[in-house]
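> Can you make the complete structure from the sequences, with help from the hints?
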Amino acid sequence: MADTTVLKKDTFIMFKGVVHQVVDAQHVNPGKGSAFVRTRLRNVQTGRTLDNTFKVSESVDPVELDRSNMQYLYGDDSGFNFMDSSSYEQVCIPKELLGDRGLYLTEGQEVMVLMHDGQPLSVDLPKKLTFKVVEAMPAVKGDSAQGRVTKEVTLETGMKVQVPLFIEEGNRVVVNTESGEYVERAQQ
Amino acid sequence: MEKNWKRFAADSDFRNRMERRSEIVFGIRRFFREIGFLEVETPTLVASPGMEPELDPFVTEVIAQDGTRNGVGLITSPEYSLKKLLAAGYERIFEITRGYRNREPWGGLHNPEFTMIEWYRIGADYRAIMEDLEQLVESLVKSLYGRTTVGYQGREIDLSAPWMRLSVDEAFRKYADLDLGEMLDDVERFTQAVRDRGCETGEGDTFDDLFFRLFLRDIEPKLGWDRPVILYDYPHQMASLSRLKPSDPRYAERFEAYVCGLELCNAFSELNDPVEQRRRLEHERQERISQGKNAFPIDEDFIEAVGRMPDAAGIALGVDRLVMLLTDAKSIEDVFFFPAADLFGQRKGD
Chain E
1 MADTTVLKKD
11 TFIMFKGVVH
21 QVVDAQHVNP
31 GKGSAFVRTR
41 LRNVQTGRTL
51 DNTFKVSESV
61 DPVELDRSNM
71 QYLYGDDSGF
81 NFMDSSSYEQ
91 VCIPKELLGD
101 RGLYLTEGQE
111 VMVLMHDGQP
121 LSVDLPKKLT
131 FKVVEAMPAV
141 KGDSAQGRVT
151 KEVTLETGMK
161 VQVPLFIEEG
171 NRVVVNTESG
181 EYVERAQQ
Chain W
1 MEKNWKRFAA
11 DSDFRNRMER
21 RSEIVFGIRR
31 FFREIGFLEV
41 ETPTLVASPG
51 MEPELDPFVT
61 EVIAQDGTRN
71 GVGLITSPEY
81 SLKKLLAAGY
91 ERIFEITRGY
101 RNREPWGGLH
111 NPEFTMIEWY
121 RIGADYRAIM
131 EDLEQLVESL
141 VKSLYGRTTV
151 GYQGREIDLS
161 APWMRLSVDE
171 AFRKYADLDL
181 GEMLDDVERF
191 TQAVRDRGCE
201 TGEGDTFDDL
211 FFRLFLRDIE
221 PKLGWDRPVI
231 LYDYPHQMAS
241 LSRLKPSDPR
251 YAERFEAYVC
261 GLELCNAFSE
271 LNDPVEQRRR
281 LEHERQERIS
291 QGKNAFPIDE
301 DFIEAVGRMP
311 DAAGIALGVD
321 RLVMLLTDAK
331 SIEDVFFFPA
341 ADLFGQRKGD
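Chains as they are written, first to last, in the UniProt record's numbering: chain E, 1 to 188; chain W, 1 to 350.
By construction, these hints were calculated from the structure, which means they are not laboratory data.
Don't be surprised by glycine CBs; every beta carbon is placed ideally from N, CA and C.
Hints are not guaranteed to be accurate.
[Stated by the list, open to error] Some, not all, of what chain E presents toward chain W, calculated at C-beta under 7 Å:
| no. | residue |
| --- | --- |
| 1 | V28 |
| 2 | S34 |
| 3 | A35 |
| 4 | E58 |
| 5 | S59 |
| 6 | Q90 |
| 7 | V149 |
This is how it looks when you write it as structure tokens:
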């Protein structure tokens, strides 16, 4: 058992006997009385979500996760497919469990897949990853005079990110996978 | 992630927001001056900071010239000092000050050091404060934008007075299909009702715990999206420093206001019964001790002031949250030059 500080987005807990993913967790201190954590949880068996209010002082049951090194193959309607590099066994993580983090996956990429009881639940991404920019509007004269210092570009995975004006189509950029923010232009 | 002050240097949106923040604080002062309130300044370093069991005051020492050490704390609210001024004969006062609360989250709606305004009126009850609040916010939004609506996180909301009034009792009926009146003194029954609504409860849940488990899940997220909502008349157990309703002492004259998911304030018809005040503080002090928290002495001066205080009403309003609402800021960190995470730790994404 652990205290409620483990209730963070994308962690997994045992709740009512079933593994749940924390979709959202918000600390609430109503001012008078105990403090609470308001959560949205996703049942990983059914994919359904429910809301629950935890008291901060309550204990919760984090789920032990096994890690295996896998290669990302492709995404399809059923989800994101990976292959264990040593056993060649393939697994699939449903789309809703990965959410926006699916946008960090590129074909052939090595990632750590997190499993519980043989069920793949999530991936551990490197903190920084490099992507090719596939769509970028050229910077327009006067942009910086307007106070604009960033623009939106599209990456090879379909993800959109705010970057400095000098980034062009075909550049490679480093993105922070926790914040989704641009870090720097990668060496070509 | 970049520290906030560097983001402010590069981004005109942030810069505009901080200029609006300054306008808002000026606007608050102008509003209260025009309706005859006196601005006062009271200490933030005191011998008896708040006694609320759920709050963790910052603790330090005042060392006298001769080396005598006094354990003191930073205020969690200026309420005690301001009530002494009411007892001293000041009739309409306000203070814009810093409040300090330790062990709070860094970011979202919280920062350990934050700006609040409190104002008090004697000879009035919480209804007069509701009207002050509506008028204040309406005047601020008009002077900032020349209209009464603002966009907040993709929603458009009209802040003009009067705001919607909803009693806590009505809110539970409407959003949780529950008759709170029947649960007031029956924790067992309340526990069952909360469970019947698919809400987990814990062993030893108090009335307040059950209240918030349901309130935070089913009620609060629905408040204040079309119009601001003043939620009033809390169960007597949650009276805090408010007086009970003369016409129905099962409820206390307390209100909070909700706008677009932001809880802005907490207000009371103030308790001025020193015996009851002492009882509540003793109770909170015992609660602190049983939780292993530091228990400051009861401020005897404050108890005496409560006994001398005429009928009065007052409110504590989070200025940072008000700035968030009026400048469409998602996180409290967006309205600080130096949020806690920049000063003391790492922000998400560092």
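> Hint numbers the structure violates, sorted upward?
Hints 5 and 6 not satisfied by this model.
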